Each structure stands twice: as structure tokens, then as C-alpha cells.
Amino acid sequence: MAGGTGGGETVMATPVALHAHAAPQGFIRKYIFSLDHKVIGLQYYFLALTAVFVGMFLSLLMRIHMIWPTAVLPIVGEIKPETYLSLLTMHGTIMVFFVLTTAPQGGFGNYILPIQIGAPDMAFPVLNMLSFWTTFVGFVVIIAAFFVTGGAPLHGWTGYPPLSAVQSAGPGEGLGADLWVTSIAIFCIASLMGALNFITTTLDLRAKGMTMMRMPLTCWSWFITAILGLLAFGVLLSAGILLLLDRNMGTSFYVPLVVVNGQVMGHKGGSPLLWQHLFWFFGHPEVYIAILPGMGVTSQILSTFSRKPIFGYKAMVYAMLAIGFFGFMVWGHHMFMSGMSPYSAFAFSILTMCIGVPSAIKTFNWLGTMWKGHIRFQTPMLYAIGFVSLFVSGGLSGPFLAQPVLDIQLHDTYFVVGHFHLIMGVAAIFGIFAATYYWFPKMFGRMMNETWGRIHFFITLAGTYAIFMPMHYLGLAGQTRRYSQFTEVAYQAKLIPLQTFMTYAAIITIAAQFIFVINLFWSMFKGPKASDNPWEATTLEWTTTTPPPHDNFGGRTPVVNHGPYEYGVPGAPRDYVMQTDPATLPAH
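Numbering-wise, the working numbering comes out as the position in the sequence shown, counting from 1, plus 54.
For the record, the hints were derived by calculation from the structure and aren't laboratory data.
Some hints could be false.
Stated by the list, open to error - Calculated lysine to any residue pairs in the SDA-like style (CA-CA distance at most 25 Å, straight line): (1) K262 x K134; (2) K134 x I550; (3) K368 x D629; (4) K426 x A626; (5) K583 x D466; (6) K368 x G427.
Here the structure is a predicted model, which means the values were calculated and not measured.
Please construct the entire structure, taking both the sequences and the accompanying hints into account.
This is how it looks when you write it as C-alpha cells:
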């Protein structure tokens, strides 16, 4: 079965025939239980948008409590030390799983990947729908932990036993902690379904001419992220099931012989370190699951708005593959405090330094892409540059923490909080912002407001640095993390003015996010109409109509003749050559 294309070639339409499904009929099938990857991508995106405001609200309550520890807030009431730990736990979990993992991969990956490789949909549309609704159930379950007897757990987002494994260990460690573990297990199942879908789609559904080395770097980043997810989430799922068994069935996988409140618990022989190994074997690849899609988006946008081919395309691909590979070999650097053998610590330290090499290659290639380019400083470009800035600033503190002798001093301080918020948290959020401003015209057929986009960018960038850079100084001064207030210790009390500054910066930065939300929803309905290719980009999503039709390309199968970053080509009629342009056009 074949279909004709504009280039006069005949293309086998087998992928379309195998994976095509009829356009949905009715509201529920079209917008609720949809099989269309574009609708599912938007569902993931708006779930993450909801989750990020929940997470930001929790962080705001923490910051208010740190500088006004006796304040009684409306609705929330008094924030006790155990309440503070519950806020900390839920903030971290919601942000890591339901924002940083959900939006870049589930949201933009689902929407854009099939279009960028020339596919009509994801390989398994029903599995795609199931993966979203499973994620949604996971989010509902974790929010439910706030409303059960005892409230949300206080064991931190890392869930270290025995605190997390013994129900009588503290407030929130009863049903709330069970819901927390169950939510993460549900999320793991959803992520495994999504990962299988991404890998199969990338390998099997590429259009004619779309070789692996002609894929945009965004597709490579989603593909590698899916591989990491497939290998990592299964481990966390297993660890979570064992934790539930320890908590409810009397097993002792993680719990040694312990005494809680003067009472000997009915456990013996378990190892708390087993959880740490399993959790961080997932946890460090999770850092790259969050950041790799942002790297891909940044590469895409820097090339497009610099009007230059990406500097060192193959080096960028191999660097991402190296990051994925080394990401599974460095989990022990989270455990230098655990009493591990110095030889093991030395090995993890060396491997951690090695992972900085591909990250540095990517950074220099981004700078090389912009060098002497005809840069267009529009909002997506600003956020891509902001991503590079935050990635470098957060990354520079990494080598300090990679040295066991330094990490032991810094591990339980704000230095670590500043490091991972910059490089994993806010850098990934900037990638989400960049992707939103860049693909919004394709998704909704309208342009976002450029002026408000810039205002949002500059307030957010300045606010981010004002919140998280001082944390490094606090850490060096010995300010301990996870403490709910600092008024009781003399040397810590002297650091409260810096905490006050950070809290005011957080209030302003959080308020600025409402500029983004208003711009987002206003532009959906009132923004100026977008052309099919407003950024003059080269990849396949800009060759189809805006918004894309149900099968992405209106019944035709694209044929790819060029690479994804053909900008500034000498002798070409325009300063860019699209991937579907005839092969007779010049290319780099």
C-alpha cells in the first residue's frame, strides 16, 4: 500500500496503516479519554501546571515559616516542626515526579515527538492514554495524603527508612505515608508504559529519510530519557513495593532491630542502606530524566534563533548518550555519608567527575552555536539562554559535592539544596518555559504576548538567582537543611537575614508566575493568529498546518531530505532549508 508525496516519490505507508485510528467522535473520546498524542500531551502539560502551583504553594509556606516561625496563617493555621517536614516531603515529591518528569517528557514529548519524526501518532495510542490516566491517579493519591488522619508524611522526598518504614515513627507516617509510597508506585507504572511507547515510536515510526542522525536533538533527548525511565522506574517500583510490605506486612527488608518510643519493633535483619541504594539507583538517572528534555529543547531553540546549524550535532548526540550511560554509575555520590568504603566512595567520585565531561561538551557546543550567529532575542531564545546560565551555575557546585571529603561537610547543609534546585529544578523549569513559548503557536494556532513573556523571563531569572545562590553561602556557613526554624541555635540565628532576603525573593518570583499563566490562557483565545512557521524553523512540525490535523500531516507522509538544522545555507533561496525541501537544494 503506497501513497504519493509532493517530491514525486512513492512512500510505503505501512506505519500509517498500522497505527492510524479514526478521528474521535464526541467530547469524552476527543478530550477526556483521547487516543490522540496531541491531546494526551496537553493533558500531561496541564496536569504538570496544576502540580507546579501546588508545589510552589508548599514552598511558600516553608519559606514563610522559616522567617516567621510563630505566624498563624489563615486556613493552614500554625506550622509546627512536623508540619514543616510534611511540606518539605510533599513539595519535593510533587515537583520531582509530577512536574519535572511529567511536563518535559509526558507533555512536550508526547505532543511533538511523533510530528518531528513524521509519524501519525505514538506507536501504542491506548497505552499512551492509559499512561496519562495512571499518572493522574498517582497525583490524586498523593494529594489525598494531606487529608487523611495524621496528614502527609514527614520522611523527606527520599523516604529513608526506618523513619518511612515504621508506622509509629511520627505524625503522617501512618496512612499518609502509605498513600505517598502508593502514589510513587502508580507513577512508576505510568512512566514505564510511557517509556515503552517513546522507544517504540522513535525506532519504528520515523518517516522515509528520517535516519537517526537526521532526528532533531529534541527527539534524541526524549528517546534517551525514555531509555533511562525504562531502566530506572522499575527499580523504584520494586523498592516501593518492598517498603509497603515492611510497613504493612511485617517484613524486614529495610528495618533492622529498632526501638521506637521505648518499644522494640517487630523487625530485625533489614538494611536501611538497601533502600538508599535502590532509591538512588533510580534517583540519579531521574535527575537526567528531568534535565535531558530541557537540553534537547535548548539545542533546538539556540540553533533556530541563532540562524546557525547546531555546533557539533554528532558530539551533542554522543554526549547525551554518555550522560545517560554514566547516569547509572554515580548513585553512590548521594551516599558518601552512609559509611561506605572509601574505595567505593573514590570510584563513585571519579565517575561523577567523568559525567561532567559530556555536560561540558554540550555547554561549549551551545556557546559555539550562538557564536557569531544572527541572534533573534525572542522569548523562547531568552529562556534557552537562561537554561544554559542556570545549568552552568548549578553545575559548578557539583564537583565540590563529588569529593567525599567535602561532601561530608556540606551534605546536610543548604549548599546541596542550592545545587540541585539550580541544576535540576529551575533549569528544567526554564526548559519547560522555553518549550512553551516556542511550541505554543503550533499547539494553539496563536502567538503568546512577547512583551509579557520578556517581563516574566527577567523577573523569574533574577528571582531564581536571588533565592538559590545564597543557599550556597548558607551551606558553607553551616546552615543545616530540613530544620524548620533557626532561632534556637546562636550561629544559625545570625544567618536569618539572608533567609529573609530569600523569602522575599521567593514571594516576588512566585507572584511573577501568574504573569505566565495569564499570558498562557489569554493567548490561547485572544493572541494574534500564528502562521504555520512563525520562527522560520526547519523541522517537520513546522511543515504541517497550525494546529496540526488529527493524523498530523493531513493524509500525506513527509519525506525527509535534509538534516534538522540547515540554517544559513549558502546558495539557498532562504536562510533556512526545511527537512522536507527537495534534495536538489544546497545543504551544509
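Evaluation of the provided hints:
For the given pair, K262 sits about 61 Å from K134 by alpha-carbon distance, which is inconsistent with the 25 Å threshold. Taking the CA atoms of K134 and I550, the gap is near 18 Å; set against the 25 Å cutoff, the hint holds. Distance hint between K368 and D629 is fulfilled; the C-alpha atoms sit about 22 Å from each other, no more than 25 Å. As the CA atoms of K426 and A626 are separated by approximately 20 Å, the hinted pair is consistent with the 25 Å bound.
Annotation: proposed proximity of K583 to D466 is violated, straight-line Cα distance about 51 Å (limit 25 Å). Pair hint K368 plus G427 holds up; C-alpha atoms about 20 Å apart against a cutoff of 25 Å.
Checked against the numbered hints above, the structure breaks hints 1, 5 and satisfies the rest.
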